[in-house]
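Protein sequences, first through last, are from chains A and B. Sequential numbering of the first sequence, starting at 4, is according to the numbering used here. Sequential numbering of the second sequence, starting at 1253, is according to the numbering used here.
No lab work stands behind these hints: they were computed from the structure. Do not take every clue at face value.
If you want a taste of the chain B side facing chain A, the calculated C-beta under 10 Å gives, among others [to be verified]:
no. : residue
1   : Thr1278
2   : Gly1320
3   : Arg1321
4   : Ser1381
5   : Val1383
6   : Lys1387
7   : Tyr1389
8   : Arg1391
9   : Glu1398
Pairs of lysine-lysine, DSBU-like flavour, derived with a Cα cap of 30 Å [what the hints assert, rightly or not]:
no. : chain 1 : residue 1 : chain 2 : residue 2
10  : B       : Lys1387   : A       : Lys143
11  : A       : Lys237    : B       : Lys1457
12  : A       : Lys237    : B       : Lys1283
13  : B       : Lys1457   : A       : Lys268
14  : B       : Lys1338   : B       : Lys1457
15  : A       : Lys237    : B       : Lys1439
Just so it is clear, the structure is predicted and the values come from calculations on it, not from any experiment. Note that beta-carbon positions come from the ideal geometry of N, C-alpha and C, so glycine has one too.
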Amino acid sequence: MSALAFTLRQAPAQTVDLSPLTPDKLAARTREEVARIELTCGNRKLRAAELFEISGDGRSESVVFRASSDRMTCIGARMQGGAITVEGDCGAYAGLGLRSGRIVVHGSVGAFAGSGMRAGTIEVRGNAGDFAGAALPGDKQGMRGGSIVIGGSAGERLGDRMRRGIILVRGDAGAFCGSRMLAGTILISGRVGESAGFGLKHGSLLLAHPPAELPATFQDCGVHALLFLTLLEKQLQREGRPFHDFLPLTTRVRRYCGDLAAGGKGEILLTPTQ
Amino acid sequence: MIVNGVAIEDTFAEAFGMRATRILVTALNLKWAYHAARTMTGLATSVIGCGCEAGIERELSPEDTPDGRPGLSVLLFAVSSRELAKQVERRVGQCVLTAPTSAAFAGIDGEPINLGRNLRFFGDGYQMSKVIGGKRYWRVPVMDGEFLCEETTGMVRAVGGGNFLVLATGQVQALTACEAAIEAMSKVTGAIMPFPGGIVRSGSKVGSKYRTLSASTNDAYCPTLRGAVDSALPSEVGAVLEIVIDGLTEADVRNAMRAGIKAVCAVGGAGGIRSVSAGNYGGKLGQFHFQLREVLT
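Only chain B is shown next, with the shape it has when bound in the complex (with noise of 0.2 Å):
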């Protein structure tokens, strides 16, 4: 299949099940609540890593939140609700209660977590809690006024680890081609691309040479190992970036993998593009396998 001179390889890429929450992050203004939102999903690529990965999903005007003010909505994926609940509570904690103006709430209905449950005792015996509207929310008394957070979120069951790889003639165009495709995906509602900008230049491959390591680079697609390994690379190919993706649904793993492709093939042959493949451990370990040809038709 070759779609404006780039090859969509007959592969696919393997995901896992995960455990997600989102999270409604609003402030005074767009620029707080980014600030506040920011922080949250930092250090947040890979739960190998960071325990949690998360990501902006999109920003909410003030007719889509709670109180009436601009803010963000906020997706973060765990490998167990009890990690998941851990993290929240630890980057909300930290990231949101700390960020003028801000305030917390729930954005998806689904097994409860703590979200202010215990962040309310930071208001040492002057926290105030509210039932509206069915659910309990908490006015913690801070120097800029009140942190408001709604007591817990929903947590669901999600995918995550979707991806694609970019194979390109070089850096540059690898690069013009994966900024197109996260600007495409970032359209796209129920998923975020947890990696720095979204695209991640480092692909792994299971285990390593140090037995103290349980992941390393993935030599097959490094382009100054080709004559070193068993390379996947061809010769034209001079750099390979990847861009994974985590989603509340498969749908939504699938539409964002769909958009991002479709923006590669745009971006096309003429643009360096040589190829698109996926990242997978022979369909041995993820249970969802999203085929790369069948998600562009």
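For reference, chain A alone in the conformation it holds in the complex (with noise of 0.2 Å):
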């Protein structure tokens, strides 16, 4: 059984939300009426046949876009299940409240990637902009579960009010990274821009270097061998790839509390040396 592809014929005026094409959402349908699906694109309605040659088996459980603009939005938001595979970029809102499920983005995704999810992967492969991970303008909480892998770098305040779940950042992060964290884990390989863990109140932030500067909110608790970090690396080991790239995972950390500002219940783990 072939993945159900999209082939974007050309690039859309306006953005397009393609939350409806999601394996789960898709397994009952042929391909006709795959393509018979609208889309909304800027304030129009198009079919989704107009925007994309479409191959493949309807019944799989796998949807490949080869496609790359950042007009494509909302990809694998709110997916049950299944798999997606963006052989490009994509836009903003990818695996926006995912439930379950992986997404592959091959390139970079747009702001608010991953924003709300519950569960499931999302891996991107290239960058993630502003807000990865993050609360939604209004909302409460951003990320809920699961994990976003960026193999790329990520933009600012990656993680805002990230409430669970862990998010892997091979390259460097952008300012107020974990900023508001309500729980959850984020590792950064790179370095971090300014103001990381601004308002931290609960979760670790794991950097392998350390910040340029840290506030005064956030207090040296010392040199430790913390056990959960080596659950967490076995997990990775687990999970195979592309969680396998951030082994092997230092265990013995320095801690610094914070942000004492915000109750100061988070922590900043770096590697003893810095």
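Two independent chains are provided; combine them into the complex using the hints.
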């Protein structure tokens, strides 16, 4: 059973909401029915077939977008299961409210990737825009479970108001990484911008490199071997690629508790030599 | 049925349905895992007076534990799910949380009961939760670092009270055979022998002449009462010891009994062992019956 593939005919003039094209929603439809699905593009409605050449099997549990356009938004939004592959870049809200399944983006994603997701995995091989895993404006919580793996760098406000789950970034993260986090774990292999952990309430920021400066509201708790990091390392081993790229994990870390201005129950963990 | 000079009596052990869980206790090294696990399974010989029956099932290598440290697998059995949950919380809280470098994890899938869910409050607000691989763990700050504990463990239906009696010419002969049995039985996973060293000398019968007691000494098997009661002991038997087995499944109890009785028979008549028997209540109380001769075949 080949994957249901959507090949973009040409980039749309406005952003198009692709949330109807998830494997769980397409499972019971024939290819002809899929072609007639209405998509919102700007203030218009377009049939899927007007935007994409459609091939493959509608009963497949995987969907492929052979396209690269930042105007393709909401890919995999509220997906309940299955797999989506984007062979290029895509726009904002990729994996918005994801419930289950896996989204792999070979290129980069726009803002708010994985916002409000509850489970599943989003793998971004390129860069992620601002607010990845963060709360939408007006929402109290950002990502609530699952994992986001970013092969490149992340924009600003990564994991803002994040509630649960894990975000792993191979490259750098922008300013206000983990700001106002409620819980969860963010691991950054590269460097972080200014004000990392601003307003951190609970949760853990694991940083391979120390931030240029830490505010006075983060206090040094010393160097410790934290057992939960061993559990996390074993879990990353079990998950396979792309989680393997973050191994080995340093389990002996310098712990800074904070943000004391927001209760101080969160932590920034750095390798002890730094 | 006679095996190596040991008569296997045509009787059965009567066992009961229980609730059980398995908890993995890890520590910096095996020495401290043993300190934690032995304390946790202390005063857990019989549900009658201890609330639960517990024992160390086996040693775990670092490859077998969630945190990659040496550890021990501990089994706990109780008569009800409520009592089991109470005992788990109390024993882990008093004996594992307090032991240096220790951590506690669920060792079996089943209906979830609290492991660290309430123990976390010892952290006085500084406890942190981590969900890793779909399981929630609690990090409780303590004076040597953090006590890591999984939120829940699994509870399963199990079998308690499997047993057999070793009738020997004297104390030394009975104890030698039972020690050999325990050594063999400790290799069987899924089962524990909760009494001291795995062996019990105070087998009991139901009831007593004293109204406040629900159980009393099994006088029919007391050699010093041979002339005073309707004794079950032939004249050449000078001592009887019992091994009680709790298992996660009927098969686990059966396997442990088989291993134990075979080890007793290996000591044989030449070693002073006269027969192997079993304790039962006429088959009216327990839902599991282990016929000794069937167990051996």
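Structure-based check of all given hints:
Given the 10 Å rule on beta carbons, the hint for threonine 1278/B holds: about 9 Å separates it from the nearest Cβ of chain A. Of the supplied interface hints, the one on glycine 1320/B holds, with its beta-carbon coming within about 5 Å of a beta-carbon of chain A, less than 10 Å. Of the supplied interface hints, the one on arginine 1321/B holds, with its beta-carbon coming within about 8 Å of a beta-carbon of chain A, less than 10 Å. Annotation: serine 1381/B was flagged as interfacial toward chain A, and the flag holds, the nearest CB pair being 7 Å apart, inside 10 Å.
Residue-level restraint check for valine 1383/B holds (minimum Cβ-Cβ distance to chain A is 6 Å; threshold 10 Å). Interface hint at lysine 1387/B: satisfied, since its Cβ lies 9 Å from the closest Cβ of chain A, which is below the 10 Å cut-off. The closest approach between the C-beta of tyrosine 1389/B and any C-beta of chain A is roughly 6 Å, which is under the 10 Å cut-off, so the hint is satisfied. About 6 Å separates the beta-carbon of arginine 1391/B from the nearest beta-carbon of chain A, less than 10 Å, and the hint is met.
Against a cut-off of 10 Å between C-beta atoms, the interface hint on glutamate 1398/B holds, since the closest Cβ of chain A lies about 6 Å away. With a C-alpha separation of about 24 Å, the suggested pair lysine 1387/B and lysine 143/A falls inside the 30 Å cut-off, and the hint holds. A hinted pair counts as satisfied when its Cα atoms are at most 30 Å apart, and lysine 237/A with lysine 1457/B does not qualify at roughly 51 Å. Of the supplied pair hints, the one linking lysine 237/A and lysine 1283/B holds, its CA atoms being roughly 24 Å apart against a limit of 30 Å.
A threshold of 30 Å between alpha carbons decides the hint, and for lysine 1457/B with lysine 268/A the separation of about 57 Å lies outside it, so the pair is violated. Restraint check for lysine 1338/B and lysine 1457/B: the C-alpha separation of about 28 Å stays at or below 30 Å, so the hint holds. Proximity of lysine 237/A to lysine 1439/B is assessed by CA-CA distance (about 28 Å); at most 30 Å being required, the pair is judged to hold.
This entry does not satisfy hints 11, 13, going by the numbered hints stated previously.
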